[in-house]
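J.: Sequence:
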Amino acid sequence: MLEARALRDAFGAFLTGVTVVTTTNEAGAPIGFTANSFTSVSLDPPLLLVCLAKTSRNYQTLTTARGFAVNILSEDQKDVSNTFARPVEDRFASVAWTPGPFGSPVFADVAAWFDCSMHERIDAGDHVILIGRVEALENTGKTGLGYARGGYFTPAATEKDLLSNVEGSLSVGAVAERSGEILLVPAVSGGWTLPFVDKAESEGMDVLERQFAAEIGLKIQTGLLYSIYEDTKTGCQHIVYRASLGAGRAKIGRLFPLQDLPLAEISDSAVRETVKRYAQESMLGNFGIYFGNHEKGRVHAVAKKGDA
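Here UniProt numbering is used: the first residue of the sequence shown is 1, the next is one more, and so on.
Hints should not be assumed to be uniformly reliable.
Straight-line alpha carbon distances no greater than 27 Å define the calculated DSS-like cross-link-like pairs of lysine-lysine that follow [stated by the list, open to error]: (1) Lys233 to Lys251; (2) Lys142 to Lys251; (3) Lys142 to Lys78; (4) Lys219 to Lys233; (5) Lys199 to Lys219; (6) Lys296 to Lys199; (7) Lys199 to Lys233; (8) Lys142 to Lys54; (9) Lys142 to Lys233; (10) Lys276 to Lys251; (11) Lys276 to Lys219; (12) Lys296 to Lys251; (13) Lys142 to Lys276; (14) Lys251 to Lys78; (15) Lys251 to Lys219; (16) Lys219 to Lys142.
Derived Cβ-Cβ restraints for the label pairs, each shown as a range [what the hints assert, rightly or not]: (17) Asn82 to Ser189: 46 to 52 Å; (18) Ala124 to Leu15: 21 to 27 Å; (19) Lys251 to Ala124: 50 to 56 Å.
FYI, nobody ran anything at the bench for these hints, they're computed from the structure. Note that the Cβ used here is the ideal one computed from N, Cα and C, for glycine as well.
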């Protein structure tokens, strides 16, 4: 017989995101709770699932609701997660929210939200599985909040630890994508390269995003780390992020389709391999992080775009 605490602790070894599941009760009042048991299920039809304990005070309301929303919290929303995980009198008082297109509360500043109709309920031991059909969604491009073994983790904290060990100059680049195209800018030596900015140790990502915006004329939302390497000739460290590109026309550079990149016109071998790998991994939906130098290193797979 398995001991429940040991089983729970072992389940907790799995790194997850953090969500807040919301709906409204019969009186139209919003209710919600923190959950990390969220999974994408299907693209066609668009389905997702969350698990709800039968002991939850929200059990009756959720299992009889016409739908629910899943709010994927961003990395600066730990307070929101804690609020909706505790018996607070009015959980919604401290969060900005609006009714979603299908009626359930959706939050501001999240990484993404999904407003769903109830597709199916499945009894599963001491939990019930709620399968929702996605009726509307928003993907903000923000990086999600992580959770494992009872604690939160964020890419920002990982970056801070990483940069504390960087010696010498540091250049930060972005593979900025929009609708299957990435932005390349003119290289000093001719041809094309990724947009790069110099980073001082005290600068945060908000400062870097403003620098990118000033250089290319478009808003850019940085995401997860994608490549970390040193130019052994110059000693300069390079960090490249995956990023999403805002709407509009860039004041420098061009957008190139991932299936038609001008690889022969990218003289920097590290940049060339970075964009080539991005195009390949984007097709597979499976991204990794490159660690090494300008010429050789290893790719560690860490994230999937989605399961088909």
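J.: Against which earlier hints does the structure fall short, listed by number upward?
T.: The structure breaks hints 1, 4, 8, 9, 12, 14; every other hint is satisfied.
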